[in-house]
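There are 2 protein chains.
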Amino acid sequence: MTSYTAPTKDMQFVLHDVLKASEQSIPGYDEMDRDFTGAVLGEAGKLAEEVLHPLNAVGDREGCHLENGVVRTPTGFREAFNKVREGGWTALDCDVEYGGQGLPYLMQTGVGEILSAANMAFNMYQGLTHGAYSAIYAHGTDAQKQTWLPKLTTCEWTGTMNLTEPHAGTDLGMMRTKAEPQEDGTYKITGQKIFISAGDHDMSDNIVHLVLAKIAGGPEGIKGVSLFIVPKILVDDDGNLGARNGVSVGKIEEKMGIHGNSTCVMNYDGATGYLLGQEHKGMRAMFTMMNEARLGVGLQGYAQAEVAYQNALAYALDRLQGRDVTGAKNADGPADPLIVHPDIRRNLMDQKSFVEGARAFTFWGANMIDRAHRTEDKDADGLISLLTPVIKGFLTDKGFEYATAAQQIYGGHGYIEEWGMSQFARDARIAMIYEGANGVQALDLVGRKLAQDGGKHVIAFFEMVKTFCKEHGEDEEMKGFVEPLKAASKDLQEAGMYFMQEGMKNPNAALSGSYDFMHMMGHVCLGLMWGRMAKAAQDGLQQDGADRDFLEAKIATGRYYMQRQLPATAMHLARIKTGPDTIMGLEPTAF
Amino acid sequence: MTSYTAPTKDMQFVLHDVLKASEQSIPGYDEMDRDFTGAVLGEAGKLAEEVLHPLNAVGDREGCHLENGVVRTPTGFREAFNKVREGGWTALDCDVEYGGQGLPYLMQTGVGEILSAANMAFNMYQGLTHGAYSAIYAHGTDAQKQTWLPKLTTCEWTGTMNLTEPHAGTDLGMMRTKAEPQEDGTYKITGQKIFISAGDHDMSDNIVHLVLAKIAGGPEGIKGVSLFIVPKILVDDDGNLGARNGVSVGKIEEKMGIHGNSTCVMNYDGATGYLLGQEHKGMRAMFTMMNEARLGVGLQGYAQAEVAYQNALAYALDRLQGRDVTGAKNADGPADPLIVHPDIRRNLMDQKSFVEGARAFTFWGANMIDRAHRTEDKDADGLISLLTPVIKGFLTDKGFEYATAAQQIYGGHGYIEEWGMSQFARDARIAMIYEGANGVQALDLVGRKLAQDGGKHVIAFFEMVKTFCKEHGEDEEMKGFVEPLKAASKDLQEAGMYFMQEGMKNPNAALSGSYDFMHMMGHVCLGLMWGRMAKAAQDGLQQDGADRDFLEAKIATGRYYMQRQLPATAMHLARIKTGPDTIMGLEPTAF
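From first to last, the protein sequence lines are chains A and B. Sequential numbering from 1 applies to the first sequence in the UniProt record's numbering. Sequential numbering from 1 applies to the second sequence in the UniProt record's numbering.
So here's chain A without its partners, still in its complex pose (with noise of 0.2 Å):
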């Protein structure tokens, strides 16, 4: 009942008015002209539109089932996984050197928000597969990337992560899966993980699972953990296929959402795997795919809030009820649309306003990446990594926000599952968990990132906001940006001063305040990306031709964050500054 289009026109306003992607001196940005990214968005959106989208729901209801040991996905997803494969699209931004594009990882980012928006469970299978691509990638001997990447990069063998165990989920410091070394340099597997997504299906000839397991007499607890390359089917010296490896589906988990993607509990029995980067430095081949991966959680965040915000649109602008207080819009009708309801309207542009700004941070967010790959700036890579629970934890806590607000806009249909507004409710859900809980983010964003190198990105990262500011504090046409932004970009300051006041006294006065700090944070980074976008927006005015009815709707949207949004800033403000006693106080025997 549910249908997608792909926002490409508000994308390419992202890429080309407000980040200029072309003209950055950025290997491979030159040919990311209009024409280019607009013919890929296009082909991107047509895909998604035609094939992703209507298998959304499908996979919603049908759900993955495992029969004798194998996981049969929904009708269709086969289908659907070889044209992703036919077309390309699993490769944009893997190396050429093995069979991918070459693209920049923003053009991979453009891509990766629509194909997730219209069907976020079906997209998670190649999604996970890039993240196996980029660990071997950055850390496998080039033997490992010879056997692993070409099939990687194109999907023909799809990947998973495997982190958690039933008793070790943030703290994977406790797992348990042993590795014992063998004479030929290879590893014995043992052990049970769980929440494995796409641990197995039927979409492809082999799945490549890369394993957290402990070498035994390595050092206790997270410094002895190493990473493993841990093949379904085990593959010979020349890539053939060979005998089952000791891998196998324990079960699948019946979830909130995505039962299009067989979320499983992996055991591992003696099996075997190679060891990937160093004995015990599992951790960090793991972590340098974090900020990719956690972009791409705040990706699917804001993007099942866009899919959602279109149907609740489209169904304002349909359904009629009730009259417009200030006289009837539809009088021959008998009733005006919902639309013309300020509720309806105020809940409508909290949604627009939130993916729009979310898209410009996201992308933004890319372009850093490729700027620290691509270019080594080291200062891009520590704006990225300060940043990097911002996007996760605030894009995700706010996409599932105003994906259930757009089921609200259908009234009781939004409950009945027929009607698919309950499904993008039920999808979003699992962004604010996996890939680390929102409250490790803020966590890792406040114990972790804010004093890095020193609080020098930090310190950049306020930098950044204070020259937007100056730059257009004297435009009278950017009043309406700069000053919310300034104020609010202030309370953030002033949160940042208490936790260097206050944490040095006690870490809890900043721990408590941390999931205050995440959000605020986000609403400044938001605030910024509205600011830039309407100074692109202002400056498109003044071309020849400009599509005004569109620039115009752009600068109404960014004033409708600036001025109902950005004042949330300050009720966190307040709220860190009560400092811990209240949270801390009571005994845990006294909840």
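Since the hints were derived computationally from the structure, they do not count as laboratory data. You may find that some hints are simply not true.
Covered stretches of chain A (in silico footprint by chain B; criterion: 3 or more residues with CB under 8 Å from a CB of chain B, positions within the stretch not fixed) [said to hold, decoys possible]: (1) 139-153; (2) 325-335; (3) 415-424; (4) 558-565.
Each residue gets a CB set at the ideal place from its N, CA and C atoms; glycine is no exception.
Keeping the supplied structure of chain A fixed, place chain B upon it in accordance with the hints.
Chain B in isolation, oriented as in the chain A frame:
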């Protein structure tokens, strides 16, 4: 996997230490002493813990099924419903004349929280019956009362409410269901109704549908709507069941949650109906029940947050992950329990301080309803009429928010259905939608209730807050409650003034801020309740043999609410004062 324990101690505290129920001069309240209410809540708790809660997951998993035109409820529901009937739990506040126990609505509300928290979907079967009882009790003829009420009191027959049609939800004036007068004084009802909770099932001998329909030739729109009693099985003059009426189930909806309750499409095909109340005054008859019904839905919201909180707390105390940054709390174990982490604690305190405040607010509301009904106190009636949309809208928004927050404590396990936390969130979601979507509640509050009777009730509300602040303003111990409450109330008043001034010129200025206003008012109400609870706890601490741990925890929890939640009012005020322009600025075509 989940469990539930009735929070009888907290309930007793509200009933006796805060409301001092048995000291109030309301007929029936004198027998509500501590022992009596403790015994009733204790027995309800046993039923909830041992019979109803174990069926909560069963109902979610199995759902209801339509087989050969009859709805089958989940395994165990019939037996449980018999136990509820046998225990007299369906008749607590029904009139003794019709077999009820004649207890105050306040007592019914306390029991309602327990039953609803334990199994929301199950408890709706009797909840809807109670609604039908109330409508017939208020508007039925003596003969109608004799025929229907005794059976509804015992739930031998259950009831439903039929309002919505496929094209007419909130806008009931558009309804098409027809009622044709017959020569014998009955009507033939023809049409289709949707979203009928408990529309059909296998747990009672008959189902009494209350159906809104239009009598041909009556006024257009909402003014031509009448209410009818339409039984599933016709009843003869002696009360014996006879032939099937022309009522059938079209289908059962697949929903996001409350799977244990059958949500039906009901088809009326010339079904015999009996006019209830006056012709064309159907809406008035429906609205009689509205305050109670909406309070009951607000209760569902916080009751789901309560049971979710209980389970989140148990998990946080049990699950070992990471270490307390200020020093290990479980040094001999592999890690500390989750509850040592400040952000986990923040999350739990958010939930706890909300639920306890919401309970006090809801019990206070039930007390006002008793006062209005049993002593004809017009002021109480006005006050509860004003605050009903706040109870419904605010408590269900927050109830869902915190059920979701509780799910987050479980990390990945929160997303897996087997662990049960997803169900609490999915079930809670409907409460924001039905019985008037929350946006409609905000509209009712700002567009209707504020100005009702010349603004008399909102003035009385502010007077109530002011009186509390004045009485306790000099009390050093109460400063932490009175000051934040004053500030929040001032924000609310300022928003009200803004609406008065700007709303005259442009009604959208008020309506654009309606949702923020509803939330502000919710915070002020919970702040007032926390002030009263803190005062009661402080008084309690002066007494010999006081339960110090309990009372001190109450005060600490209240402090958390005042410091960490009340600052939200300033944000809502700031949003409201930005006016309608950013909300109404975009043309519908520019979205």
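Structure-based check of each hint:
1. 139-153: Coverage by chain B is violated for the region 139-153 of chain A (0 residues, Cβ < 8 Å).
2. 325-335: With 4 residues in contact (Cβ-Cβ under 8 Å with chain B), the coverage given for the region 325-335 of chain A holds.
3. 415-424: holds (count 5)
4. 558-565: The restraint on the region 558-565 of chain A holds, since 4 of its residues have a Cβ under 8 Å from chain B and three suffice.
Of the numbered hints given earlier, the model fails hint 1 alone.
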